[in-house]
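Chain order of the listed sequences is A and B. Take 1 as the starting number for the first sequence in this note's numbering and just add one per residue. Take 1001 as the starting number for the second sequence in this note's numbering and just add one per residue.
Treat the hints as calculated values from the structure; they're not laboratory data. Just so you know, not all the hints are guaranteed correct.
Stated by the list, open to error - In silico DSSO-like links for lysine-lysine, alpha-carbon gap of 27 angstroms or less:
1. A/K37 / B/K1019
2. B/K1019 / B/K1202
3. B/K1064 / B/K1026
4. B/K1026 / B/K1196
5. A/K196 / A/K66
6. A/K202 / B/K1037
7. A/K37 / B/K1202
8. B/K1026 / B/K1202
9. A/K37 / B/K1196
10. A/K19 / A/K202
11. B/K1066 / B/K1037
12. A/K19 / B/K1037
13. A/K26 / A/K66
14. A/K66 / A/K19
15. B/K1026 / B/K1066
16. B/K1037 / A/K196
17. B/K1019 / B/K1066
18. A/K26 / A/K64
As the list claims (entries may be wrong) - Computed, partial: chain A to chain B, Cβ under 10 angstroms:
19. T2
20. P5
21. L8
22. R15
23. W32
24. E36
25. V83
26. S97
As the list claims (entries may be wrong) - Which chain B residues face chain A? A few, computed with CB under 8 angstroms, are given here:
27. A1017
28. S1038
29. E1212
Positions of the beta carbon are idealized from the N, C-alpha and C atoms, including for glycine.
There are 2 protein chains.
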Amino acid sequence: MTIQPNDLLAALRFRYATKAFDPARKIPAETWDAFEKSLVLTPSSFGLQPWKFFVVENPEIREKLKAASWNQPQLIDASHLVVLTARTDLTQADIDSWIARLSEIQGTPIEALAGLSGMISSFSSAMTPAEKQAWNTRQVYIALGQLMTSAAVLGIDSCPLEGISPADYDTILGLPGTGYATAVACALGYRSPEDKYAVAPKARFLDAQVIEHV
Amino acid sequence: MTIQPNDLLAALRFRYATKAFDPARKIPAETWDAFEKSLVLTPSSFGLQPWKFFVVENPEIREKLKAASWNQPQLIDASHLVVLTARTDLTQADIDSWIARLSEIQGTPIEALAGLSGMISSFSSAMTPAEKQAWNTRQVYIALGQLMTSAAVLGIDSCPLEGISPADYDTILGLPGTGYATAVACALGYRSPEDKYAVAPKARFLDAQVIEHV
Chain A
1 MTIQPNDLLA ALRFRYATKA FDPARKIPAE TWDAFEKSLV LTPSSFGLQP
51 WKFFVVENPE IREKLKAASW NQPQLIDASH LVVLTARTDL TQADIDSWIA
101 RLSEIQGTPI EALAGLSGMI SSFSSAMTPA EKQAWNTRQV YIALGQLMTS
151 AAVLGIDSCP LEGISPADYD TILGLPGTGY ATAVACALGY RSPEDKYAVA
201 PKARFLDAQV IEHV
Chain B
1001 MTIQPNDLLA ALRFRYATKA FDPARKIPAE TWDAFEKSLV LTPSSFGLQP
1051 WKFFVVENPE IREKLKAASW NQPQLIDASH LVVLTARTDL TQADIDSWIA
1101 RLSEIQGTPI EALAGLSGMI SSFSSAMTPA EKQAWNTRQV YIALGQLMTS
1151 AAVLGIDSCP LEGISPADYD TILGLPGTGY ATAVACALGY RSPEDKYAVA
1201 PKARFLDAQV IEHV
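Put together the whole structure using the sequences plus the hints.
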């Protein structure tokens, strides 16, 4: 069952960067399960999925992350917190493990995927290490977009968190040396009835400033 | 009206990077209108919307873009084509025009927004020009994610296009000197009944490889 265009727009207008969550309300387990599956299903270039998503449940870790996030209360009050991390590299081993997984799922012999593998390798080898990480990080932002849009259509509130110290997040989550680095975070849950931002008119530039027909 | 978790997942599983579109099927005008509104509503850091979205209708321009996209047939066969561009800079004038717009929509005096304005300025001034463009480009990927997820829940097919020559796109669209540069493109429409990719099993890493609970 799909959604109607007007219902999609109503959901996207319902969405806003929630500053005050209701700490008493938790996302039901089966709904949260859909969020995790939605993260896993996020599309990425070549299907490489250059990411890992940390669902932070431990209250002590959330306190530490809060301190690395300008003490924003969402870190504690939101029902759920996801830290979206990007692969810091794109190695031949990364490509090989993706090709092996594709082969396994689609029942295609590895040899038949040699063309795809070669294409990814030549694409990858044209990038510097910094470009690879930047490219992986952009892919992670697709996941952030899908996550927030998924939340909106499910009627769940979210707040993207860019005002964080990624280096401190990495340390807190034990990421140095793992090949992953914090890109961005997102808090999810239910808005507090007192969040004044919930009733602020949605502000965007005019359609004509943002959309151009050619 | 929101969507149920299982329906969201069905929509995300329906989605795949459509390689062959049915050239005879067009997205109805009112549905397309919802896509444009969805693009406009995309969240961005500080609300800055550092982007412009080009909806390319002109068949000659689409032919030229196809030549700058490894001749991928989606450029022509898809019902609609969006080129997502990012601001190449983040100037005080950008910040001022956003603050002015916010003031106008929310009925808040500009002076009352001085704190926000100063926060964005100090954030921005800490970045090099290259970092600003990279940051803007990441924001554009949120729009790409929202666009593809919106398509999925509307039952519309899409194909993200990263295998393009951004510099050639810029030239074709007349972007040099405008302060915007091509980040990525996305074709939207309806899959061809002959697209063999439509029936390929969806391939992702195992949940446990991608999601970590801490």
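Right, here's what the structure says about each hint:
no.: 1; hint: A/K37 / B/K1019; verdict: holds (24 angstroms)
no.: 2; hint: B/K1019 / B/K1202; verdict: holds (14 angstroms)
no.: 3; hint: B/K1064 / B/K1026; verdict: holds (21 angstroms)
no.: 4; hint: B/K1026 / B/K1196; verdict: holds (21 angstroms)
no.: 5; hint: A/K196 / A/K66; verdict: holds (21 angstroms)
no.: 6; hint: A/K202 / B/K1037; verdict: holds (13 angstroms)
no.: 7; hint: A/K37 / B/K1202; verdict: holds (13 angstroms)
no.: 8; hint: B/K1026 / B/K1202; verdict: holds (26 angstroms)
no.: 9; hint: A/K37 / B/K1196; verdict: holds (24 angstroms)
no.: 10; hint: A/K19 / A/K202; verdict: holds (14 angstroms)
no.: 11; hint: B/K1066 / B/K1037; verdict: holds (26 angstroms)
no.: 12; hint: A/K19 / B/K1037; verdict: holds (24 angstroms)
no.: 13; hint: A/K26 / A/K66; verdict: holds (19 angstroms)
no.: 14; hint: A/K66 / A/K19; verdict: holds (13 angstroms)
no.: 15; hint: B/K1026 / B/K1066; verdict: holds (19 angstroms)
no.: 16; hint: B/K1037 / A/K196; verdict: holds (24 angstroms)
no.: 17; hint: B/K1019 / B/K1066; verdict: holds (13 angstroms)
no.: 18; hint: A/K26 / A/K64; verdict: holds (21 angstroms)
no.: 19; hint: T2; verdict: holds (4 angstroms)
no.: 20; hint: P5; verdict: holds (3 angstroms)
no.: 21; hint: L8; verdict: holds (6 angstroms)
no.: 22; hint: R15; verdict: holds (7 angstroms)
no.: 23; hint: W32; verdict: holds (9 angstroms)
no.: 24; hint: E36; verdict: holds (5 angstroms)
no.: 25; hint: V83; verdict: holds (9 angstroms)
no.: 26; hint: S97; verdict: holds (8 angstroms)
no.: 27; hint: A1017; verdict: holds (6 angstroms)
no.: 28; hint: S1038; verdict: holds (6 angstroms)
no.: 29; hint: E1212; verdict: holds (5 angstroms)
When the structure is compared with the earlier hints, no violation turns up for any of them.
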